[in-house]
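Q: All chains should be modelled from the sequences, with the hints used to inform the complete structure.
In case you want the letters, here they are:
Number of protein chains: 2
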Amino acid sequence: MSEKNLIEKLCIKNEKKIILLIMDGVAGLPINGKTELEAAKTPNLDALAEKSEVGLSLPILPGITPGSGPGHLGVFGYNPLDYEIGRGVLEAVGIGMKLDNKSLAARCNFCTIDKNKIITDRRAGRIPTEKNIELCKKLKENIKMIEDVEVIIEAGKEHRFVVVFRGEGLEEPISDADPQKEGLSYLYSKALAPAAEKSARIVNKFLDKVIEVLKDEHPANAALLRGAAKTPDIPSMEKRFKLKAAAIAVYPMYRGLASLVGMELLDAGQTIKDEIETLKKHYNDYDFFFIHIKKTDSYGEDGNFDNKIHIIEEVDELMPEILKLNPDVLCITADHSTPCLLKAHSWHPVPLLIYSPFVRPSGIKGFNEKECAKGNLGIIESKYIINLLLANALKLNKYGA
Amino acid sequence: MSEKNLIEKLCIKNEKKIILLIMDGVAGLPINGKTELEAAKTPNLDALAEKSEVGLSLPILPGITPGSGPGHLGVFGYNPLDYEIGRGVLEAVGIGMKLDNKSLAARCNFCTIDKNKIITDRRAGRIPTEKNIELCKKLKENIKMIEDVEVIIEAGKEHRFVVVFRGEGLEEPISDADPQKEGLSYLYSKALAPAAEKSARIVNKFLDKVIEVLKDEHPANAALLRGAAKTPDIPSMEKRFKLKAAAIAVYPMYRGLASLVGMELLDAGQTIKDEIETLKKHYNDYDFFFIHIKKTDSYGEDGNFDNKIHIIEEVDELMPEILKLNPDVLCITADHSTPCLLKAHSWHPVPLLIYSPFVRPSGIKGFNEKECAKGNLGIIESKYIINLLLANALKLNKYGA
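Chains A and B are the protein sequences, given in the same order.
Residues 1 to 401 in my numbering are what the first sequence spells out, letter by letter.
Residues 1 to 401 in my numbering are what the second sequence spells out, letter by letter.
Because the hints were derived from the structure by calculation, they are not lab data.
Which copy is meant is left open, because identical chains are indistinguishable; a pair holds if it fits in one copy or across any two.
Mimicking EDC-like on lysine to aspartate or glutamate, the simulated pairs with C-alpha atoms at most 16 Å apart in a straight line are:
| # | residue 1 | residue 2 |
| --- | --- | --- |
| 1 | Lys398 | Glu301 |
| 2 | Lys9 | Glu84 |
| 3 | Lys370 | Glu50 |
| 4 | Lys398 | Glu84 |
| 5 | Lys41 | Glu317 |
| 6 | Lys4 | Asp82 |
| 7 | Lys131 | Glu158 |
| 8 | Lys41 | Asp306 |
| 9 | Lys157 | Glu130 |
| 10 | Lys365 | Asp46 |
Please read these numbers as outputs of a predicted model, since none were measured by experiment.
A: Set out below in structure tokens:
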């Protein structure tokens with residue numbers, strides 16, 4: 001039996017509730033001898049770690065740094081190597097666009113071309129976002145359908161926007177409509193497989209249409225298009241794990257990722273406190289809650305050690321609010337490390353904590369990288385975390401007689 | 001090279017002896033702060049653990065609770081996801097029936113049907129075992145062959161019995177001949193693949209024959225049949241590992257599991273002491289011994305913490321007897337956890353101890369879950385234990401030049 005079939009076969013539904021708290025990028029590297037988690041004052045997390053099972057979660061494989069998509073997919077229980085989320089899809093869900101299995105999503109830049117269709121500026125002088133919004137409005141009004149395909153356009157920041165094509169027969173893969181360098185000729189997309197001919201044709205008709213609509217604009221008078229992708233065919237958490245799952249996340253990308261695995265998206269407010277209030281309000285309505293803390297990652301990317309610590313401490317202060325709900329299973333972990341030292345995602349394994357009535361207490365003295373490395377869960381690939389959460393919630397039948 | 005081929009290719013035969021002691025379900029969860037192994041006084045096991053390599057063995061995968069079949073297959077060196085043991089097979093070997101690759105085994109209930117073949121009692125009033133034996137005798141006398149297929153019947157407890165069909169062309173899968181509910185019509189088996197047509201036909205002729213033979217009986221006047229299965233095609237330990245293996249197990253199911261991988265079954269007596277005597281008596285005749293301790297699991301299932309401790313202590317007291325034999329490799333572990341707290345098998349990894357002249361001593365202070373979690377073997381999937389035993393017995397060649 002395959003691992004995938006195994007877990008689907010063994011899952012049962014019961015009333016027990018699982019909370020998964022992902023502190024995005026919380027794990028780090030020492031600066032002046034201490035990591036962000038070691039430097040933060042976290043009495044509540046430390047006390048919880050001592051009576052929990054702990055270990056390290058390996059997001060993908062040793063040495064592999066995950067993007068946000070694979071990082072979260074793993075912790076949601078999906079092998080990130082089985083389900084690839086194309087760049088266009090991530091951009092689209094990242095600004096809150098809805099995708100279905102007929103959608104082909106791509107990210108675009110406004111750019112400048114001359115009268116010979118030579119690209120003179122790949123970012124159209126980084127036009128301000130307001131101008132972007134105005135241009136996207138114009139495109140929306142003028143490009144609604146191409147053949148039998150619906151065209152949906154959403155502005156991003158500066159020169160960036162996203163286009164989603166929705167219709168029958170829009171297959172991957174197609175090449176990028178972007179020569180990647182200025183001074184080169186405008187480049188159309190090509191089908192990279194026979195089944196993708198329609199996608200390439202629609203994309204190229206769209207690009208021509210953009211040039212036509214923007215002919216009197218300057219500097220943004222054309223568009224480059226990259227990363228065209230369909231959503232991977234991901235079974236929902238309901239189908240795969242029999243979980244009625246809800247996402248409590250403030251940022252659109254994480255809401256989008258959660259929606260790709262079929263979670264319902266709750267109105268999470270703006271702050272971490274708002275998120276916990278949302279959890280409390282909806283606690284009776286679902287049996288799985290994903291709570292996403294964004295700013296640990298943001299401050300990691302900024303290299304802002306002190307602010308990252310403050311976010312960790314803010315979460316720690318709110319822990320009693322979560323524990324008051326008396327969840328059957330509580331898991332705290334990260335999708336990947338974002339060490340301030342690197343100002344970027346990294347490959348390092350991340351602390352993992354699982355608390356339930358059926359754990360062997362770790363006895364460790366703090367929720368951080370060094371202590372969790374001593375933990376009784378050892379180092380496990382993130383895709384197996386869900387098995388442990390389901391098991392601790394008694395939602396998994398025995399395998400074999 | 002596949003993992004399977006690797007190990008078969010590297011195995012060599014030598015005179016060294018391996019003892020594998022499986023304390024069924026011995027691992028647990030804390031009650032009042034201590035697990036069963038932590039609460040037991042085990043000076044011999046503790047001393048051995050200190051000079052052995054130790055770690056935790058993961059029976060299947062994180063979070064997966066194994067039944068007895070997959071639990072043992074793993075420790076015997078077979079990936080439990082590759083070899084599925086059907087319910088009928090497990091029941092048959094569980095009451096000591098011999099199976100070969102032409103055998104289709106199924107479990108049956110005596111039941112009650114009315115004159116319209118409506119099932120009025122799926123368990124025939126739970127007839128006493130003596131009545132069951134009497135009825136099975138009658139069936140045996142009257143049903144010996146169906147077409148070219150031999151029929152072997154053995155009584156179980158109360159209303160349960162097992163039937164084995166032995167002949168050519170008896171393929172799986174077939175559906176259960178059991179509507180699962182009373183008040184419904186008697187249900188025959190159906191072939192679930194073209195190759196299984198003969199199996200379904202033989203099974204249905206058998207069920208009709210049972211009704212005919214029992215026509216004057218009441219309440220047991222028919223049979224329901226479930227879990228029809230063939231033995232998985234498991235290579236023997238001799239073939240796969242070049243081991244002449246013997247099983248010392250008191251309970252039929254574990255003797256049956258051992259026979260599925262080609263172990264010879266020794267007369268193990270009734271007690272743990274008897275089992276050790278059996279080991280001593282046959283020590284010169286084999287190079288691999290599987291010794292099975294059942295009652296750690298039984299008392300775990302009962303939630304009887306004190307009695308589980310007593311069994312652990314009994315094993316500990318007998319350790320010097322085993323050590324006196326001076327085995328080249330001694331391994332002590334479990335097939336799965338059976339925490340008294342859960343009164344059931346569980347998913348938690350189990351202590352693993354390997355002792356040979358070629359180990360790096362762990363230096364840990366006790367043979368239990370917490371100490372073994374600190375061990376130098378880390379957490380390993382049970383299917384890899386055999387590699388370590390073979391290696392420590394110098395029965396594995398180098399891979400590659």
